[in-house]
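A.B. asks: Chain by chain, the residues:
There are 2 protein chains.
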Amino acid sequence: MTTIPADADTALPRAVLLREVLARLGDKWTVIVICRLNAGPRRFNELKRSVEGITQRMLSATVRRLERDGLVSRTVTPTVPPQVEYALTDAGRSLHSVLYPLAEWTDGHLGYIETSRAAYDAASPPSD
Amino acid sequence: MTTIPADADTALPRAVLLREVLARLGDKWTVIVICRLNAGPRRFNELKRSVEGITQRMLSATVRRLERDGLVSRTVTPTVPPQVEYALTDAGRSLHSVLYPLAEWTDGHLGYIETSRAAYDAASPPSD
Numbered sequence: 001m002t003t004i005p006a007d008a009d010t011a012l013p014r015a016v017l018l019r020e021v022l023a024r025l026g027d028k029w030t031v032i033v034i035c036r037l038n039a040g041p042r043r044f045n046e047l048k049r050s051v052e053g054i055t056q057r058m059l060s061a062t063v064r065r066l067e068r069d070g071l072v073s074r075t076v077t078p079t080v081p082p083q084v085e086y087a088l089t090d091a092g093r094s095l096h097s098v099l100y101p102l103a104e105w106t107d108g109h110l111g112y113i114e115t116s117r118a119a120y121d122a123a124s125p126p127s128d
Numbered sequence: 129m130t131t132i133p134a135d136a137d138t139a140l141p142r143a144v145l146l147r148e149v150l151a152r153l154g155d156k157w158t159v160i161v162i163c164r165l166n167a168g169p170r171r172f173n174e175l176k177r178s179v180e181g182i183t184q185r186m187l188s189a190t191v192r193r194l195e196r197d198g199l200v201s202r203t204v205t206p207t208v209p210p211q212v213e214y215a216l217t218d219a220g221r222s223l224h225s226v227l228y229p230l231a232e233w234t235d236g237h238l239g240y241i242e243t244s245r246a247a248y249d250a251a252s253p254p255s256d
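Which chain is which? The protein sequence lines are A and B, in order.
So in our numbering the end of the first sequence lands on 128, straight run, no missing numbers.
So in our numbering the end of the second sequence lands on 256, straight run, no missing numbers.
Here chain A stands alone, though its shape is the one from the complex (with noise of 0.2 Å):
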């Protein structure tokens, strides 16, 4: 982990350390299942439920991953077979908070986005 000097300009370490959290939100499934978790704790196979088209190796991985970073709590009830809780930590529900107004930003944004490609691609063919 690379120590940002307390005096030096801050943009550029904010910038790379806020590109690695958004290639980590950015692989297939961690946003989608922050947003279901949002909603209220999930066991494992209602959350599975609720994310379309997840494999259990994949949720189980980006689950993982999320508990890891004390984004995700697990909590498992002795009964038999053990029941286990997913639900998100005070840290995850503010990351979903700062999330929500990207979310916003790029629906919002999503027509004009596509209208600035055609315009482009229609104006300068693909060279390389």
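Think of the hints as simulated: they come from the structure by calculation, not from any bench.
Where is the CB? At the ideal position from N, CA and C, for every residue including glycine.
Any given hint could be a false lead.
Partner residues aside, some chain A positions facing chain B, computed with beta carbon under 7 Å [what the hints assert, rightly or not]:
| id | residue |
| --- | --- |
| 1 | Val21 |
| 2 | Pro41 |
| 3 | Val98 |
| 4 | Tyr120 |
Keeping the supplied structure of chain A fixed, place chain B upon it in accordance with the hints.
C.D. replies: Relative to chain A, chain B alone:
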């Protein structure tokens, strides 16, 4: 581009689209270039000098993608040689403004995430 029915549960499509945006933002240079241009318009070489480690080829590809999405404008002044200046568009500035809370979240949670990972790894040695 997938059509989203107006009456559908919007959480999943929004999450899917957000994921696409995040995956793009999570590439190696996009967020840094957006942060640099938020400070003001820059000529190509100025921009290149302000993004440590970027190659000419990577910067060209990054600004071209941002320009195609309508997030960066490219203005050519017909001097000899021509001057090319890049700037955030209104949409690019609005994206920066919703990225900023996520950047602050990241800044504020780096220690937390590191601590969580260390605790998780100590409790459960890697299995697969």
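A.B. asks: Compare the structure with the hints numbered earlier in the document and write down the numbers of the violated ones, lowest to highest.
C.D. replies: 2
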